[in-house]
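Same order as they appear, the protein sequences are chains W and Z. This note's numbering applies: residue 1 is where the first sequence begins, and numbers increase by one. This note's numbering applies: residue 1 is where the second sequence begins, and numbers increase by one.
Simulated from the structure, these hints should not be mistaken for laboratory data. This one's a predicted model, so the numbers in the text were calculated from it and none came from an experiment. Worth double-checking, as some hints may not be accurate.
Label pairs and their in silico Cβ distance ranges [stated by the list, open to error]: (1) W:ASP192 - Z:GLN96: 52 to 62 Å; (2) W:ASN210 - Z:ASN326: 49 to 59 Å; (3) W:ALA187 - Z:ILE429: 42 to 52 Å; (4) W:ASP163 - Z:ALA534: 53 to 63 Å; (5) Z:PRO585 - W:ALA187: 51 to 61 Å; (6) Z:ASP318 - W:ALA187: 45 to 55 Å; (7) W:GLN79 - Z:SER454: 53 to 63 Å.
Glycine included, C-beta positions come from ideal geometry on N, C-alpha and C.
Here is how the chains run, residue by residue.
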Amino acid sequence: MQVSVYRYDPDVDEAPEMRDMSIELPEGKELMVLDLLERLKEQDPSLSYRRSCREGVCGSDGINMNGLNGLACITPVSQVAKRGKLTLRPLPGLPVIRDLVVDMSQFFDQFEKVRPYLINDQPPPAQERLQSPEERAELDGLYECILCGCCSTACPSFWWNPDKFVGPAGLLQAYRFLADSRDTASAERLRDLEDPFSVFRCRGIMNCVNVCPKGLNPTRAIGKIRGLLVKQGT
Amino acid sequence: MAALRKLEFDGLIVGGGGAGLRAALELAQSGLQTAVISKVFPTRSHTVSAQGGITCAIASEDPDDDWRWHMYDTVKGSDYIGDQDAIEYMCSEGPQAVFELEHMGLPFSRTESGRIYQRPFGGQSKDYGKGGQAARTCAAADRTGHALLHTLYQANVKSGATFLNEWFAVDLVKNQDGAVAGVIAIEIETGDVVYVASRATVLATGGAGRIYASTTNALMNTGDGVGMALRAGFPVQDIEMWQFHPTGIAGAGVLVTEGCRGEGGYLINKDGERFMERYAPTAKDLAGRDVVARSMIIEILEGRGCGEAGDHVLLKLDHLGETVLNSRLPGILELSRTFAHADPVRQPIPVVPTCHYMMGGIPTQVRGQALTQDEAGQDQAIEGLYAAGEAACVSVHGANRLGGNSLLDLIVFGRAAGLHIEQAVRQGISRREASESDLEAAFARLARWNASSSGESVAALKRELQNCMQASFGVFRTEEHMRKGIETLKGLRERINRAHLPDKSNAFNTARLEALELDNLFEVAYATAIAAEARRESRGAHAREDHQQRDDENWLCHSLYFPDDERVAKRTVNFQPATVPVFEPMERKY
Ligand SMILES: Cc1cc2nc3c(=O)[nH]c(=O)nc-3n(C[C@H](O)[C@H](O)[C@H](O)COP(=O)(O)OP(=O)(O)OC[C@H]3O[C@@H](n4cnc5c(N)ncnc54)[C@H](O)[C@@H]3O)c2cc1C
Ligand code: SF4
Ligand code: SF4
Ligand code: FES
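Make a model of the complete structure from these sequences and hints.
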């Protein structure tokens, strides 16, 4: 099989290039794209990418496979390869450090901007704070985010304004705390988001939803934040 | 040697998993200059993979639950070589530590009354084993580790510790007095080598499951902290004790949580028989993990395994119904569909015992300070060095860890280490100086790889190492196989010392990291091999076919492996809990 991989080592290369590598796939065994990368790395140890859990929960190996963002470790080669060809690139829109490794600082800066932690101005009780199963269910589809960056780097609005538009991952996170019955800082959180960029740059294109490897729906969360902002404004 | 860039902190935590982040939080909140070094962005640490939950007597499911019952279960689970003072501390402090996590925002699943949901897990009983199965494992669906790790990271974002993310600690800097003064680390993005000096260094580097060919562990679990301690000449404790988890997905190694059996799933052989009823009539599928793993291997060896090769058994869940599976085990459904091509709603999951957890590690006091032994065999604290989490052996897990007890270990002892260091720094422990030659010693290994110009490849040597460990130090062990394994490892040591790092780039050089990790894998594997051969009995996870009985007369003790002379010494187990009567060793029946 032919794999075309984005290669760039600032220490050695003048400019990035796509380099072809070929590899025998074992018969009758399904490989994930990460397995493929591991085999390619045995051929050429200088090939660089991030990975750790190899089961889709750590968020390390978001890359672009034949044009689609996703996690290499849970994407079967057969699902993305087209006519025996596969093109692997780093996540789009972020500076490349080397090969498939991108600099995620902008992504994490936006994450930190939404104050991604529970704020509760009451002193904590001796035991846990109570929360009904229904209240807790509000967090489903939000807390599972693994910060892989697949969504924000597929979002045109984030490409244009990575410093001002919080992006789908950050906004999903913002809503995770707005939706938490234990959080008392909704008003402040909303105030932080009411400028024309933080939320309102979202154009509802849904790229984020289409690529999220955890099946989460940032667009819906963004819609809910908009709803709260509108309600607060009236 | 060129002058190294130097950074200085009061407290340095190597590791951004559950243990490291909990320690960091404690220190940063106290206002001390705190840094966390992590080779992966903290939320990518292996703790994120933990599924089933955190075991702790918070008395939500059962208002009468008692931390002493949890303590009894843990002591029994450890096959009596867990330290009772440490277990007492963990089980009694546990509820406070879990409530703190909830206050930080951890999205626990809830009961109808709004309290934290708890599920049954293996080895947990009521009333000192007399009251039947207990539901004591606090859960956030089957993503408890993810929820816990992200919550701790979020809390740290708030508290303002310095994060050196994607930095790789290479070796400890040890000075002429034998004290630890910090670490040598690589900033991965730039390849810069930095001396990070600190009054106190905490190794919270997690496990080393990657010494085996088949493991539930992440690729980053290469035992770096244990490797660093061994290279610095410090001993490791009970390192022969490796837990094989009953339910790794056959072929893939990916774990499906014990919570599956907690929720009512069970194992069947090729005849469809629920075979655990024969091996553990009372606890059945929720007996200790060592017991279940051995029973499965016996089923397979005696020809009752499933599949064409008869090399696994099946975990049946479909009878629980789709609604329960969707709400309690959503992550398992995903993993099984992806990696086993089996939809648990309709089909059983093929599973096999898979290397999962390192019970041994760097011996520490209850408050986290690392220990060695003096010539008279007395405990001696190592100045400047602490350990917490899976890398440490405090020891609460002894010869067999109970499910859900690791996450509790992380937060209770991560916090304890933080508290202890804070106190020590406030009392003014001095900064330990390291000389040029101390630094050079810590730098030597990295320099060796950087200078290598030919030799075997890292990937091939790693595979040989993993296959050797799998073949000779697996679920069942014998003298003959272990001797052979040790010989193979000795050969490997020579070859690894001459292996080649072809890529010398400074930019995000993962080949260099894998080379450095291979050294660590080797150190852990070799220590495991020597200690396993030395312990001539069967206890907990250490099952020897040539010594099938537990031998309390000779081996009711910790093993302590000293790297410099490859010696295995014994260390007394603590039988002196402060507030409860001691639990005397008994036969372990489930
Ligand atoms: C699949 C799976 C499921 C599990 N489920 C449960 C469960 O339900 N309940 C339970 O109690 N336990 C469970 N466990 C066990 C538990 O998850 C682990 O024991 C625990 O998470 C280890 O945490 P830690 O903080 O010690 O290390 P880790 O989370 O592994 O973190 C190690 C940290 O050290 C850093 N590090 C390592 N080496 C270096 C280096 N050289 N330089 C810089 N940084 C370094 C890493 O970057 C990382 O941040 C499970 C384990 C597995 C494998
Ligand atoms: S829906 Fe909004 S956030 Fe999602 S990709 Fe489109 S513009 Fe970006
Ligand atoms: S929302 Fe989905 S795609 Fe975006 S960072 Fe989270 S897990 Fe990744
Ligand atoms: S390696 Fe962890 S998500 Fe792919």
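Cross-check of the supplied hints:
1. W:ASP192 - Z:GLN96: 52 to 62 Å: violated (33 Å)
2. W:ASN210 - Z:ASN326: 49 to 59 Å: Check failed, 23 Å falls outside 49 to 59 Å.
3. W:ALA187 - Z:ILE429: 42 to 52 Å: holds (45 Å)
4. W:ASP163 - Z:ALA534: 53 to 63 Å: holds (59 Å)
5. Z:PRO585 - W:ALA187: 51 to 61 Å: holds (59 Å)
6. Z:ASP318 - W:ALA187: 45 to 55 Å: 47 Å Cβ-Cβ, so the 45 to 55 Å window holds.
7. W:GLN79 - Z:SER454: 53 to 63 Å: At roughly 40 Å between Cβ atoms, Z:SER454 and W:GLN79 fall outside 53 to 63 Å, so the hint is violated.
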